[in-house]
Amino acid sequence: MNQGITHRLRLAAPVAEKLQTYHLAHGKNVEAISMLHGHGYVSPQGAVTVVIAKPEQVTLFEKAAYLRQAFAAAQLPRTLRGEVYYQALQDGYTASVDAHDHHMVHAAHFSGTDNADDAATAHYFQTTIPHFWPVGPQGLRLPVVAASLVLAQSEWTARVVHAPGLDLFGAPMRIDVAGAKLAIRSRLQPFGAAALHVRQAPILGERGQACLSQLHGVVVGGGGTGSIAVEMLARMGVRRLTLVDQDTLELSNLNRVQGVGPADVGRLKVDALRAHLARCCPGVQVNTIAEPIWAARALAAAESADFLLGCVDNNETRWFMNRLAVQYLLPYWDVGVRAKPDEQAFGARCTTVIPGAGPCGHCSPVEFFGRKRPAAFLDATTLAAQRQAGYALNNTAMTSDPSLYALNMQAVAQFGQEFTRWLSPGGVMAHSHFQLSHGSGETTVQRLGSDDVANQPDPDCPLCGSLLGACRSQLLPQLNPPAPQLSPSDFLNL
Amino acid sequence: MSRFNANALKEVFVDGQSRYVPQSATLGDMVPSEVQSVSAINPATGKTELVTRQDFNSKPVPDAFFTNLSDFSKG
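As you go down the protein sequences, you meet chains P and H in turn. For the first sequence, the numbering used here gives the first residue as 1, with consecutive numbering after it. For the second sequence, the numbering used here gives the first residue as 1001, with consecutive numbering after it.
Do not take every clue at face value.
Simulated pairs of lysine-lysine, DSS-like, Cα-Cα distance not exceeding 27 Å [to be verified]:
no.: 1; chain 1: P; residue 1: Lys63; chain 2: H; residue 2: Lys1047
no.: 2; chain 1: H; residue 1: Lys1010; chain 2: H; residue 2: Lys1047
no.: 3; chain 1: P; residue 1: Lys372; chain 2: P; residue 2: Lys340
no.: 4; chain 1: H; residue 1: Lys1059; chain 2: H; residue 2: Lys1047
no.: 5; chain 1: P; residue 1: Lys54; chain 2: P; residue 2: Lys28
no.: 6; chain 1: P; residue 1: Lys28; chain 2: H; residue 2: Lys1010
no.: 7; chain 1: P; residue 1: Lys63; chain 2: P; residue 2: Lys28
no.: 8; chain 1: P; residue 1: Lys54; chain 2: H; residue 2: Lys1059
no.: 9; chain 1: P; residue 1: Lys63; chain 2: H; residue 2: Lys1059
no.: 10; chain 1: H; residue 1: Lys1010; chain 2: H; residue 2: Lys1059
no.: 11; chain 1: P; residue 1: Lys372; chain 2: P; residue 2: Lys54
These stretches of chain P come out as covered by chain H in the derived footprint (C-beta under 8 Å, 3 or more residues) [to be verified]:
no.: 12; stretch: 64–78
no.: 13; stretch: 103–113
no.: 14; stretch: 123–132
Rather than coming from a laboratory, the hints here were simulated on the basis of the structure. Quick caveat, the model's predicted, so the values are computed rather than measured. Ideal placement from N, C-alpha and C gives every residue a C-beta, glycine not left out.
Sequences and hints are given; from them, build the entire structure.
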């Protein structure tokens, strides 16, 4: 087993709450079983990720359904178990998690009975289930992964039971609960660099600091805001970052791109930033991808990420990143700046999207990107029809907006506050919009939070309603013309 | 020309009366459209339960699906 690989069980906060209520309620004195169905995939490096995005993907059982339910044992009949598995496959799910509790203890461990049950489940998923794999969007059968979860009062533990084609039985999975506060429910490795963060740990808490060190962030955009944000994340203690930007540095960028100088002009932004981070934060693993976020290598990095940060200046990327965040249940922050010199108006903004726990960018009351499918993602026929009808512009060439280092710093500072809240014991909100604007001689600071914004996805949202946590079972929007496919060797450096 | 195949049918009892229906038939194929629910014995628990209209079209689980499947047994 590759020790450097992290297998993940990612639960939306409402899913974790449902499990907590059923399995660990105060006064409960018998063990219980539940079944979770969602979507799963295996990365090119062999990392298994299972995503459970909605409470309705959790099947709970009434007392009458059990063959036996005792203080430290629970049994359900195979017929009932088979019916639930079968329905899940009919519904197109590609991941199954058997969950039960050790309600009487604080630390979670798999017992000998659990080992025997999981071994039998692995055999079943290896022999019978492949005949019933659901059909995916391109007509190919989608492999189904299986996992097992034990919930104890303080700590939960999960492991891989079956991943098609790989010998991963028993591999531990990190359990992430994506909500208003990041919670890693499984046991964490102690964070080794205590001296470096001795003055920050009291704010984040020891556990928040340890969580931070486990995260892999994908930062899209290496310009004014992106360069400041990646340095901030690295200094805070994120130890794995993937930078995505295809642009090269120009002289006019140097007024605001942090960590670079005149000698870097002409270099790829991501390369210059990686060199800078190697100097100031040598313990951080920085991967670079000089392509747009919808390129295959960038998508592979996003699939293995724990959060997305958008530091971009265009609508297409924001629209796509929001879709990516919803489909893979990835917390997503978007920062932006605005300067209108004619009106002497300036603004900086950070928007927080925690899919599954709050509205996404599409159902948010704040429209921080255009929700209409961008022309770049329309097929030729639709685009031609829209242009003829006047719904799409013929010329979408980018213009260089005015920009200021201080504004970029302001936007990243707002992101830093939201990100810190997400990690700290108090938590943030599942959706927030933090904005500072200056105009007409007045400066206003607004933070739309739980009083102003619904703290759950809109069930009628076209994204949250049908694509939340869908992972690879649904195709992401394709560029027109489509981006080239890559060979497996292209993924080696991610 | 299609031929009658008795093996492709299964026997079901509706209100105590025997009927032969295709193996793939669901409750939705057998119950009149105005019926909103029926009571049936759950084979897993042996108890009588109410099956609602939205469950009528669920497909029967093929026998092969139970190959290698054991009871859940957690401890």
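Now for the hints, and whether the structure bears them out:
{"no.": "1", "hint": "Lys63/P to Lys1047/H", "in the structure": "12 Å, holds"}
{"no.": "2", "hint": "Lys1010/H to Lys1047/H", "in the structure": "22 Å, holds"}
{"no.": "3", "hint": "Lys372/P to Lys340/P", "in the structure": "25 Å, holds"}
{"no.": "4", "hint": "Lys1059/H to Lys1047/H", "in the structure": "21 Å, holds"}
{"no.": "5", "hint": "Lys54/P to Lys28/P", "in the structure": "24 Å, holds"}
{"no.": "6", "hint": "Lys28/P to Lys1010/H", "in the structure": "43 Å, violated"}
{"no.": "7", "hint": "Lys63/P to Lys28/P", "in the structure": "12 Å, holds"}
{"no.": "8", "hint": "Lys54/P to Lys1059/H", "in the structure": "23 Å, holds"}
{"no.": "9", "hint": "Lys63/P to Lys1059/H", "in the structure": "25 Å, holds"}
{"no.": "10", "hint": "Lys1010/H to Lys1059/H", "in the structure": "14 Å, holds"}
{"no.": "11", "hint": "Lys372/P to Lys54/P", "in the structure": "25 Å, holds"}
{"no.": "12", "hint": "64–78", "in the structure": "holds (count 10)"}
{"no.": "13", "hint": "103–113", "in the structure": "holds (count 3)"}
{"no.": "14", "hint": "123–132", "in the structure": "holds (count 6)"}
Of the numbered hints stated above, the single one contradicted by the structure is hint 6.
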